[in-house]
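Build the full structure now, drawing on both the sequences and the hints.
The primary structure of each chain is shown beneath.
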Amino acid sequence: MRHLLALRDLDPGTIVTLLDAAQRLRDGEAPPSPAGATVAMLFYEPSTRTEMSFILAARRLGAEVLPCAVEHSSVRKGESFLDTVRTFEALGADALVIRHPSSGAPHLVARHVGCAVINAGDGMHEHPTQGLVDLLTVRQVKGRIAGLKVAIVGDILHSRVARSAAWGFAKLGASVVLAGPATLLPAAPPVPGVAVTASLADALAGADVVMALRVQLERQAGGALPTLAEYARTFGLTEERLALARPDCVVMHPGPVNLGVELGAAVAEGPRSVIRRQVANGVCVRMAAIQWALGRGAGAELPAAATAAGEISRGRARPEAVEVH
Amino acid sequence: MSDVLIRGGRVVDPSREFDAVADVLIRGGRIEAVAPDLPAAGCDVLDAGGLVVAPGLIDMHVHLRDPGQTHKEDLGTGSRAAAQGGYTAVACMANTVPPVDHPVVVEYLRSRAREVAACRVYPVAAITKGLQGRELSPIAALAAAGAVALSDDGAAVPDAGLLRRAMGYARMVGLPIIEHCEDASLSGSGVVHDGGQAARLGLVGIPSESEAVIVARDLLLAEATGARLHIAHVSAAASVRLIREAKQRGVPVSAEVTPHHLTLTDADVGEFDTNRKMNPPLRTAADLAALRQALADGTIDVIATDHAPHAVEEKRVEFDRAPFGVIGLETALGVVLTHLVGPGILTLPEAVRRMSTRPAQLLGLPGGSLRPGDPADLVIIDPHLAWTVRAEAFASRSRNTPFEGWTLRGRAVLTMVGGRVTHDLVGAEVTA
Ligand SMILES: [Zn+2]
Chain A
1 MRHLLALRDL DPGTIVTLLD AAQRLRDGEA PPSPAGATVA MLFYEPSTRT EMSFILAARR
61 LGAEVLPCAV EHSSVRKGES FLDTVRTFEA LGADALVIRH PSSGAPHLVA RHVGCAVINA
121 GDGMHEHPTQ GLVDLLTVRQ VKGRIAGLKV AIVGDILHSR VARSAAWGFA KLGASVVLAG
181 PATLLPAAPP VPGVAVTASL ADALAGADVV MALRVQLERQ AGGALPTLAE YARTFGLTEE
241 RLALARPDCV VMHPGPVNLG VELGAAVAEG PRSVIRRQVA NGVCVRMAAI QWALGRGAGA
301 ELPAAATAAG EISRGRARPE AVEVH
Chain B
1 MSDVLIRGGR VVDPSREFDA VADVLIRGGR IEAVAPDLPA AGCDVLDAGG LVVAPGLIDM
61 HVHLRDPGQT HKEDLGTGSR AAAQGGYTAV ACMANTVPPV DHPVVVEYLR SRAREVAACR
121 VYPVAAITKG LQGRELSPIA ALAAAGAVAL SDDGAAVPDA GLLRRAMGYA RMVGLPIIEH
181 CEDASLSGSG VVHDGGQAAR LGLVGIPSES EAVIVARDLL LAEATGARLH IAHVSAAASV
241 RLIREAKQRG VPVSAEVTPH HLTLTDADVG EFDTNRKMNP PLRTAADLAA LRQALADGTI
301 DVIATDHAPH AVEEKRVEFD RAPFGVIGLE TALGVVLTHL VGPGILTLPE AVRRMSTRPA
361 QLLGLPGGSL RPGDPADLVI IDPHLAWTVR AEAFASRSRN TPFEGWTLRG RAVLTMVGGR
421 VTHDLVGAEV TA
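Protein sequences, first through last, are from chains A and B.
Take 1 as the starting number for the first sequence in the numbering used here and just add one per residue.
Take 1 as the starting number for the second sequence in the numbering used here and just add one per residue.
Simulated from the structure, these hints should not be mistaken for lab results.
This structure is a prediction, so every number in the text was calculated from the model and none was measured.
All C-beta atoms in this analysis are idealised placements derived from N, C-alpha and C, irrespective of residue type, glycine included.
Fair warning: there could be bad hints in the mix.
Stated by the list, open to error - Computed footprint of chain A on chain B; a stretch qualifies when at least three of its residues, placed anywhere within it, have a C-beta under 8 Å from a C-beta of chain A:
no., region
1, 189-196
2, 203-217
3, 312-321
Said to hold, decoys possible - Taking CB as the label site, the calculated pair distances span:
no., chain 1, residue 1, chain 2, residue 2, range
4, B, E271, A, P32, 25 to 33 Å
5, A, P192, B, A289, 19 to 27 Å
6, B, R390, A, H112, 16 to 24 Å
7, B, P98, A, E64, 51 to 59 Å
If you want it as structure tokens, here you go:
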């Protein structure tokens with residue numbers, strides 16, 4: 001049992017272990033049965049895509065899924081977030097998948113429960129499984145991460161997708177540039193060694209990977225941007241602008257795309273776009289994440305007897321020890 | 001109450017630039033003499049060899065949550081926490097429920113303090129009615145009832161015209177204005193300093209300018225009106241620059257800084273630690289260095305705790321939903337001795353001046369001195385006693401300290417108010 005809270009917490013070896021496990025599942029490997037495991041879905045912020053993807057992943061692993069329709073639950077009655085979460089633990093959940101509008105909410109939970117916690121997106125902080133999806137997708141197309149130049153473009157300030165991707169790519173040896181309008185950049189680089197710029201041209205120059213972020217004008221970005229049209233004019237990714245990147249660059253987007261805003265239609269549906277592949281990788285990555293968090297599979301597949309013997313499990317159950325690069 | 005001779009301690013009295021080994025004789029609750037080798041006739045004798053005897057600490061910025069939020073703290077628990085920390089007097093802020101914007105609330109606090117308090121309690125009254133920032137509170141009546149200063153702490157007075165009138169009025173009745181400097185339009189929904197940690201954790205940031213633009217505005221208004229302005233909990237280097245320049249011009253301004261802003265930075269928020277969430281937020285290492293420098297050179301006058309108790313359940317929530325504030329009465333002296341006096345940023349007498357003598361002067365209070373004839377408000381400090389901060393042992397009703405687990409060197413071992421012992425660490429350990 002362990003927590004998947006942020007890619008910032010994971011060492012490169014663990015990230016590679018998770019990507020390898022996801023890739024094996026993608027290639028058709030049958031998942032080991034997580035006999036009797038129960039996974040609870042706590043979505044305090046609606047996200048049909050991510051929730052579906054986690055539910056499918058848990059079901060394919062043969063786990064029982066406890067859904068939580070937060071709108072109708074006791075949250076409305078003033079029960080604290082932690083009280084609700086503890087109820088799910090008491091109901092027998094082995095893992096809690098948490099999507100929450102507050103940055104750090106899964107960290108709070110992890111400090112107060114005895115089961116595994118998987119962050120399915122917390123506020124403006126991280127979305128680690130989406131970061132793993134992005135890494136896996138690039139690795140499938142490019143065959144590697146190390147040495148690539150990755151440009152992440154858009155509302156950097158509010159984007160948990162940008163943070164997780166930046167950590168993930170940086171940890172696996174890519175150089176990362178975060179670019180967006182000055183009003184949507186953080187006061188300091190969110191990840192050590194990562195560049196932050198308001199110049200789209202600098203970010204795109206020679207990029208191997210270009211990731212556009214969704215602009216949510218109705219939400220956080222309101223007030224920081226005059227209009228969506230203005231965003232499209234200054235930071236929208238068109239074929240002409242992509243000419244600054246490498247000809248074989250990969251174009252990504254966590255979805256759903258505001259066509260004509262973050263990406264022109266020609267780019268979104270063009271040959272360099274891997275947006276559909278990202279979606280397709282979602283379930284396998286989340287299967288790998290759940291297995292890993294439960295300590296079943298993904299580099300931790302030990303018989304119960306071995307886990308009980310301290311020596312052996314210390315040696316093998318810590319994928320941190322895996323050498324990469 | 002019996003007469004006491006405190007024998008052979010290092011007596012530190014910044015009000016008289018006195019620092020020497022001496023005896024302190026207390027009769028009838030007052031200091032009778034401070035001199036070597038005083039006769040002990042008819043007195044209890046307290047051996048203070050190796051200890052420091054100083055005027056009792058005075059905290060000009062605490063929140064006692066009484067009336068209205070006594071699940072966090074009340075006058076009894078808050079004043080006992082003060083006594084444990086070596087304090088003999090505190091000024092409590094007006095943002096209670098109801099707020100201190102009516103003479104009746106001032107009278108309630110004063111009479112309640114007489115009944116239950118373990119230290120002197122001085123109410124600070126609201127500048128504006130209901131702390132709403134729209135109309136002046138009855139400042140003259142509040143002053144007559146016993147308020148020692150005016151503050152809407154928790155927020156700045158947003159309307160510059162209103163603040164200008166408040167300053168004129170406060171000057172007339174002789175009270176200082178204590179301002180919480182924060183421009184709400186710049187802070188927005190921010191919860192931590194707008195810097196590296198906000199960027200890493202994905203939290204909304206509060207920029208330093210949020211404080212400094214109001215400091216600048218208030219300094220101009222204080223200069224124009226001649227009102228005495230005290231800047232609460234300075235956190236940013238930019239504010240320090242402005243205050244330093246204003247003091248050089250002769251603007252009647254003073255300022256305070258908290259022990260946590262002198263020792264912690266935004267990085268210490270760690271993994272969303274709500275016991276490190278306060279307003280103003282912990283800032284950068286450069287800000288921290290500027291605050292220490294400003295304290296050392298006198299630009300910042302006073303160390304105040306901004307003791308802000310919150311119940312455990314209130315802090316055990318999502319970071320952005322947790323209330324701002326940390327407690328500080330029981331740790332301030334230890335933190336200052338360990339992290340400011342220890343490394344030589346302040347001398348011990350300077351530390352006492354900033355935690356006792358200077359606050360007494362700024363608020364016009366008794367105390368802050370060991371002059372013969374003064375009430376025997378004093379603290380005996382063991383400067384070498386090493387102890388570990390354990391919030392569960394605090395007298396405060398709340399536990400939200402940012403210093404949990406820290407090992408500190410130096411602690412109040414005995415506190416006395418008007419000759420009455422309010423905290424006795426040695427006695428407590430013997431009887432325990
Ligand atoms: Zn305060």
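Tested hints:
| no. | hint | verdict |
| --- | --- | --- |
| 1 | 189-196 | holds (count 3) |
| 2 | 203-217 | holds (count 4) |
| 3 | 312-321 | holds (count 7) |
| 4 | B/E271 / A/P32: 25 to 33 Å | holds, 31 Å |
| 5 | A/P192 / B/A289: 19 to 27 Å | holds, 22 Å |
| 6 | B/R390 / A/H112: 16 to 24 Å | holds, 20 Å |
| 7 | B/P98 / A/E64: 51 to 59 Å | holds, 52 Å |
The structure fails none of the hints (numbered hints given earlier).
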